[in-house]
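**Q** Which chain is which? The protein sequence lines are A and B, in order. FYI, the numbering for the first sequence is 1 to 348, going by the numbering used here. FYI, the numbering for the second sequence is 1 to 345, going by the numbering used here.
Please note: incorrect hints may appear among the correct ones.
[To be verified] Computed beta-carbon distance windows for the label pairs:
#1 B:His51 with A:Arg205: 32 to 38 Å
#2 A:Pro247 with B:Gly83: 36 to 42 Å
#3 B:Gln61 with A:Leu233: 51 to 57 Å
#4 A:Arg204 with B:His51: 48 to 54 Å
#5 A:Gln121 with B:Gln61: 44 to 50 Å
Keep in mind that the hints were calculated from the coordinates and are not lab data. Yeah, the Cβ is synthetic: ideal placement off N, Cα and C, and Gly gets one too.
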Amino acid sequence: MLFRNIRGMFSNDLSIDLGTANTLIYARGRGIVLNEPSVVAIRHERQGGTKTVVAVGEEAKQMLGRTPQNVTAIRPMKDGVIADFTVTEKMLQYFIHKVHETSFLRPSPRVLICVPCGSTQVERRAIKESAAGAGAREVYLIEEPISAAIGAGLAVHEPRGCMVIDIGGGTSEVAIISLSGIVYAESVRIGGDTFDDAIINYVRRNYGTQIGEATAERIKHNIGSAFPGNEVLEIDVKGRSLAEGVPRSFTLNSNEILEALQEPLSMVVQAVKMALEKTPPELGADVAERGIVLTGGGSLLRGFDRLIEEETGLPVFVAEDPLTCVARGGGVVLEMFDTQESSLFATE
Amino acid sequence: MSLSIHTPADADADAAPAPESLPSPGSHLRALREARKLDIERVAAQLHLQHAVVEAIEGDQYDALPAPVFVVGYLKNYARLLGADPTPILDAYRRLSPPRELTLTPALTPPDMPHSFGSSGRWIWLFGVVLLGVIIGAATLWIRAQTAAEQASDVLSLSTQTDAAANTAAASETETVQAAPPESIPLRNTPAPATAATETPALTPTAAAVPAPVETLVAATTLAKVPSQPAALVDEERDADQEDADPPDKKPAAETAAPPPTSTEVVLEFVGTSWVDVRAANGRVVLNGEMRSGDRRVLEGEPPYKFVIGNAAATQLTIGGRPFDLKRRAQGNVARFALDPKSFE
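Can you make the complete structure from the sequences, with help from the hints?
**A** This is the structure we're talking about:
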């Protein structure tokens, strides 16, 4: 414990957005220092032998779906929570080391981790313990919507309702926040991954072709849209034909992807409508007056704000730099760690 | 505590100074809207904003608008609606209003607010220290009192016994005094003036109106009660009453007047079986052997005595009628001590 405290003097306080798709780290006083995919590649030495970490982050992501038999690329987070405890711990350990490259002592920082508001006690404890196992001196938890709202620049401490929709890799969180607390939150297990799966299923169904997750993600990034736009985008895709069993090339357009994404999008819209329905009238009026803020990587899907705007009839806009909102919000809380007793931390 | 959030967009705005000629975001948007022949109502409806908000945007009245994050969103959506690139408009906006300081929880925990977390903690701390001080003080006093009590235990116990004995003696004396009243005081509750009044009309019936008015009134009432009784009868009755009343009061006086026990008489009483050895000053055995429950022994011999009492709990020792606390002298249940009854006189 004493050693941890001494090592803590040489460590930066970190705010970690441990996301399903990406992990972002904000170091106190330095800003965002790491933005890497939450992927770990592991090599199995022999049958039942030792396992070694081959790659973590961007490097490991490139291995996804392209690994030989003895290497597995794992995404240890699923639906915003830990699916593989040991691998998550290793990944966090690697990332914490990476942001303390210059330090010759083993880092032992204080860590603030964002958790989905729908996560259970067990899931939160797992995240806490995994961070402690990765070398964190103290672990604090904060609920993602609050962190996202702070990161987006909303004044969460005011007695005014603000609504945040955080569309992450595994979960989408809809929350009404007032006075630094969540008034109502809805977490649906739909996010970027669900969109990818929807695209894979659509392509298989309509083109009889199997495409990989990486390709599906590329399609989503390039031509994906949530609301019919003026222009139609196209992309060339290569996959394995299910009928012939050989790779085949074909072209997809944005309207097809819009059609493919209808189901998961409607579920997000449903959650938003449910949240608005459950919001107390005063806060609902505040939201109607000022609007809804979209954060998270999912909000970069073209026309997502338009979709929710049309469905709810309220002004909706995407926050600046939505991918890093949660980590930056955690960072803001981190900067005020010692000066204020924060009421923002979530209980386990 | 406050700080601004740095986004890549901010960095871009800082790095690249925009041309001087760039119009304000509001006027730029208004020009675009007018070029497209759209009216404000239509734009407000499309953006799901209030008419006043759109006017404020076009008039660059950012004080009338909510936080910058909302304004940026409105500008972006407005530019998109008009088919314009939002980047230059946002840059122009950022130049007009630099990133506002973001405060987190000032409303909840201002530093000088008495109910804030820090100061309440301080109060609890202060209260704790005071409480601790009180506890330590009380403990010190108690320990000191205990030590003093042990040192003076014998003296104390004896003095209290003496006091108690003195009290009982005094009480019995007062009883005696009350029980033997002087003959002159009438025990009956008949008021003296009334008696006088009854006597007066009997002796001098004509002088009834002569005394003072109050006395007359009293006399009159008394007279009204016993109008026909002659004075001699009344006197006889009074004497008889006196005789009746006296004997019962004199009886307790006679009881308490029984000869008081000798003040140095040492008596041992047993409520259980106990082995006893008592020796007089010359070493002569005064009492020795096993006593049974209900036994009572009066010590005769030359004091001071030396006692060994095997069962102190079942033995009661009285000196001149005053109880002596054996338990203080007992170790275990065996009491060994020397006693001079004269010292208790």
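**Q** Using the Cβ atoms, figure out if A:Gln121 sits within 44 to 50 Å of B:Gln61.
**A** holds, 48 Å
**Q** May I ask you to test the hint 32 to 38 Å on the CB atoms belonging to B:His51 and A:Arg205?
**A** For A:Arg205 against B:His51, whose Cβ atoms are near 47 Å apart, the range 32 to 38 Å is violated.
**Q** The hint says 51 to 57 Å between B:Gln61 and A:Leu233; measuring C-beta to C-beta, is that right?
**A** violated, 38 Å
**Q** Quick check on a hinted range of 36 to 42 Å for A:Pro247 and B:Gly83, using CB atoms only.
**A** holds, 40 Å
**Q** May I ask you to test the hint 48 to 54 Å on the CB atoms belonging to A:Arg204 and B:His51?
**A** holds, 49 Å
Of the numbered hints stated above, those contradicted by the structure are hints 1, 3, listed in ascending order.
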